[in-house]
Amino acid sequence: MRLAFGRKNQGKACCFVTLGDVINPRQLAFNFNSRVMYGRGRSSIKALWSKVLIRLTIPDAMRDIMTAEVNHIMMGMSAETFWGGLAGNDEFSARLREHMPDEMGLTTGADAIASALAQFNVKNISVVSPYQPIGDEQVQKFFSETGYSVKRNIGLRCDTANSIAHTPQKDVLDVVLNELDGDDVDAIVQVGTNMSNSDLFPTIEKMLGKPVIPINVATIWHALRAIGVNDKFVGKGWLMERH
Numbered sequence: 002m003r004l005a006f007g008r009k010n011q012g013k014a015c016c017f018v019t020l021g022d023v024i025n026p027r028q029l030a031f032n033f034n035s036r037v038m039y040g041r042g043r044s045s046i047k048a049l050w051s052k053v054l055i056r057l058t059i060p061d062a063m064r065d066i067m068t069a070e071v072n073h074i075m076m077g078m079s080a081e082t083f084w085g086g087l088a089g090n091d092e093f094s095a096r097l098r099e100h101m102p103d104e105m106g107l108t109t110g111a112d113a114i115a116s117a118l119a120q121f122n123v124k125n126i127s128v129v130s131p132y133q134p135i136g137d138e139q140v141q142k143f144f145s146e147t148g149y150s151v152k153r154n155i156g157l158r159c160d161t162a163n164s165i166a167h168t169p170q171k172d173v174l175d176v177v178l179n180e181l182d183g184d185d186v187d188a189i190v191q192v193g194t195n196m197s198n199s200d201l202f203p204t205i206e207k208m209l210g211k212p213v214i215p216i217n218v219a220t221i222w223h224a225l226r227a228i229g230v231n232d233k234f235v236g237k238g239w240l241m242e243r244h
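Numbering of the sequence shown is given in the numbering used here, commencing with residue 2 and proceeding in unit increments.
Quick caveat, the hints were computed from the structure, so don't treat them as lab data.
All of these numbers come straight from a predicted model, not from anything done at the bench.
Even glycine gets a Cβ: it sits at the ideal position worked out from N, Cα and C.
Keep in mind that the hints are not guaranteed to be accurate.
[To be verified] For each label pair, taking beta carbons as the anchor points, the in silico distance ranges come out as: (1) Leu178 / His100: 39 to 49 Å; (2) His244 / Leu209: 10 to 20 Å; (3) Asn122 / Gly183: 13 to 23 Å; (4) Val230 / Asn122: 21 to 31 Å; (5) Glu92 / Ile228: 20 to 30 Å; (6) Ala119 / Asp232: 11 to 21 Å; (7) Asn122 / Lys207: 32 to 42 Å; (8) Lys233 / Gly183: 21 to 31 Å; (9) Lys152 / Glu104: 38 to 48 Å; (10) Leu174 / Val235: 31 to 41 Å; (11) Glu92 / Leu178: 31 to 41 Å; (12) Met67 / Asp232: 25 to 35 Å.
All chains, full assembly: derive it from the sequences and hints.
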């Protein structure tokens, strides 16, 4: 059986394309053609969060992605899924489903990371993001309402949507090891799909001895499991290896 995924992304974001090439069971086709556009790449993160511009482009993107006859839609963006906390993610999913057949599955970044954390039976987490304070407030709200105690929540304050993709991994590593980790933390989460750390975090997991979950890996994991693909992937982190 040949399966297809649809993804929407933020303009020039390409992290899911690369990750899809690596985490890809046989006979599974990823369709990366449909995009929800934030607007111009120089738009400030604060403006994007305040206006929630992405919602305006959803109908056209959903129309385009349906032409690929996909089995499941995987959202290649996360900011919008955290906006408004748990209720906001539910509302966002409902908005998408207005353009989907009832039987079609949907994976959002917020749902995926919450499901991933549930696999490890953790309670206390730390979060790193590329966001400005307005974005981190929404992330904090979502995880708190989902039942997690957020011990530390650090945004790297990227200025634009495009600049997120250029975040040095050294900066992420320094924050995780020196500011986020602690005896009071059971797991560490990275949100922001354009800030890809899928190659770095498996090593950090071994160093710290606890789950360190990037949202891109969680999103692909959630979508695969939702359609009954249970392949394990060694070297892609505990989530893909153990669950």
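Each hint tested on the structure:
1. Leu178 / His100: 39 to 49 Å: 42 Å Cβ-Cβ, so the 39 to 49 Å window holds.
2. His244 / Leu209: 10 to 20 Å: Cβ of His244 to Cβ of Leu209: about 18 Å, so the range 10 to 20 Å holds.
3. Asn122 / Gly183: 13 to 23 Å: holds (19 Å)
4. Val230 / Asn122: 21 to 31 Å: Because 23 Å falls inside the window, the suggested range holds.
5. Glu92 / Ile228: 20 to 30 Å: Hint holds: Cβ distance 24 Å, inside 20 to 30 Å.
6. Ala119 / Asp232: 11 to 21 Å: 20 Å Cβ-Cβ, so the 11 to 21 Å window holds.
7. Asn122 / Lys207: 32 to 42 Å: violated (20 Å)
8. Lys233 / Gly183: 21 to 31 Å: Holds, at about 30 Å.
9. Lys152 / Glu104: 38 to 48 Å: Since the Cβ atoms of Lys152 and Glu104 sit about 40 Å apart, the hinted range of 38 to 48 Å holds.
10. Leu174 / Val235: 31 to 41 Å: violated (22 Å)
11. Glu92 / Leu178: 31 to 41 Å: holds (36 Å)
12. Met67 / Asp232: 25 to 35 Å: holds (26 Å)
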